[in-house]
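2 protein chains.
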Amino acid sequence: MSLSEFQLIDTIRNFQPNFSDDIEGIGDDAAIIPVGQQSFVITTDSLVENIHFKMEWASPFQIGRKSAAVNLSDIAAMGAQPFGLFLSISVPKTVDYCWIEQFILGIKTFGVPILGGDTTSSKDSLFINITAIGKVDNNSIKRRSTAKSGDDIYVTGTLGDSGAGLYILQNNLDPVGFQSLVEAHLNPSPQLKIGTELAELREVHSMMDISDGLAGDIHHILDQSGLSATIDCDKLPISESLRTFCNKYDLDPIRFALEAGEDYQLLFSAEKKKCLPLPCVKVGELYTGPGQVKFLNSPSPDYKYTGYTHF
Amino acid sequence: MSLSEFQLIDTIRNFQPNFSDDIEGIGDDAAIIPVGQQSFVITTDSLVENIHFKMEWASPFQIGRKSAAVNLSDIAAMGAQPFGLFLSISVPKTVDYCWIEQFILGIKTFGVPILGGDTTSSKDSLFINITAIGKVDNNSIKRRSTAKSGDDIYVTGTLGDSGAGLYILQNNLDPVGFQSLVEAHLNPSPQLKIGTELAELREVHSMMDISDGLAGDIHHILDQSGLSATIDCDKLPISESLRTFCNKYDLDPIRFALEAGEDYQLLFSAEKKKCLPLPCVKVGELYTGPGQVKFLNSPSPDYKYTGYTHF
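Sequence order for the protein chains is A and B.
Sequential numbering from 1 applies to the first sequence in my numbering.
Sequential numbering from 1 applies to the second sequence in my numbering.
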């Protein structure tokens, strides 16, 4: 019997005592710990060799960079500024000092200091865990649970590139001409700048990052805000590279954009028909309903997203 | 080539930018983040299957309990009160839902809520990482770097029991009569209560927890405070069980007490000859010097501690 991430989170939640001090725990991209007029936000994410990365596909610098990026993306999703990382790694004997040096340089790409950590040995796989901490003004925090019926749904950039990059690596395809897709997979960038800019806009009601694909991740906002959504597949921002790639290999770019994940763009909802002073793309709308998503202009008329799980 | 924990910490330190906001990072049991009159302290520790625990030796409840305990021990060492944990686990397919439920119950033993986490799958071993966060009044924080020449050195309880428990498990010895030793290894308790009590005493100058053994860990205080020490081996608090056990198998209890680690007692220094209102045992003294330890009444006249490494 295997176990889904959602089952596990439910298990943890069921055993929780009540929090004190208005702390908000499991449920958003990061926990929220109020500290006066500001809050600290804290998140943790693991990357496991041969599950999240392969040593033959990525350099130690890239693995370090991505380990930081996926955590900082959660900080960005809260509209917060990161100020520290905690690094735990379990290192098999095959990994040498030079690898670690490059890996640490990768983590430091984003200029956020490592404040602590733990290093242990591992019998087989390399295991990386990073905990990131940031801060944000209390009235700028964007939660998943505060979307409003009638909101427009936006994303901050192209979707599906990372998934196509992974597809190229997994199927050992020729990357010539599609280097930007592989790059999107190996070197994702957390949307820290636009995250803090969106956080300051009152018309932005909810926000999260897209790590597992738009079609799956939107449900976190729907479930927690008690809403349904329409997503217009014609509006999804798809790069020219992804279109060319999908054309060549007879694949569907919409599926990559909806389902592939790891683009680490932000997904947010904002007051209807506001003209946002930022480069974002409207992809749908929210309405009162039981947590369903209607896909307009979908790849096939009966398209249904059947879910994503790490296991 | 393999890599020691200390090399790695140095590597991280060398690549650091300067911290802002008086944050103190790597070097103590936990990072210190000032928040007005108080500080948050944050620490992270991993437990890896077949390195730190074996599934056949410990129940899932015990593994969860110990995962929390080793982190909370670092919080105790700062004199802080824990208020949250972040849990990352990478779970192989052989682990089922019931295992996880028991594991979570174990983590929750100490009443500290899980505020967030990440779950991923793993190809082979089970990986656990916990990040713990606590708070403490700024003027109660006990650092490793603030010991003073002339201080007495204390520990908060018996040493060596956990190491003997591990020895019993590793060598498949009959545990009858020595259950308390095995118990000390599988179910260590973080010294949270006495940690906060010591934090309030002005005469206590430095503090840390003993995870890798007194003889090794004392060097963190010596190096950071610029001192040397004498440790009187006759004064080490050794349980009756450990003495009986060592008698039976012709082992040296002093070596267990000095070198074995994982007792998670607190090690601290306090003003000379103060009568502390707490149940602690004086084991030595600090003096100005180049970071050396002189062992009085040591197991052998030429006894030298040759170091401990995870790798």
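Check each hint, because a few of them may be wrong.
Unchecked claim - Only some residues are given here: those of chain A computed to face chain B with a beta carbon under 7 Å:
(1) A31
(2) P34
(3) Q37
(4) V48
(5) S121
(6) K123
(7) N129
To be clear, the hints were calculated from the coordinates, so they are not data collected in a lab.
Everything numeric in this text was worked out from a predicted model, so none of it was measured.
Ideal placement from N, C-alpha and C gives every residue a C-beta, glycine not left out.
Structure-based check of each hint:
At a threshold of 7 Å, the smallest CB-CB gap from A31(A) to chain B is about 4 Å, leaving the interface hint in force. The beta carbon of P34(A) is not positioned within 7 Å of any beta carbon in chain B (closest approach about 10 Å), and the interface hint is therefore violated. Restraint check, Q37(A) versus chain B: the minimum CB separation of about 11 Å is more than 7 Å; hint violated. Evaluation of the V48(A) hint against chain B yields a held restraint, the C-beta minimum of about 5 Å falling below 7 Å.
This hint holds: S121(A) has a C-beta 5 Å from the nearest C-beta of chain B, less than the 7 Å allowed. For the restraint placing K123(A) at the interface with chain B, the shortest Cβ-Cβ distance is roughly 5 Å, inside the 7 Å limit, so the hint holds. Because the closest C-beta pair between N129(A) and chain B is about 4 Å apart, less than 7 Å, the hint holds.
When held up to the earlier numbered hints, the structure conflicts with 2 and 3 and fits the remainder.
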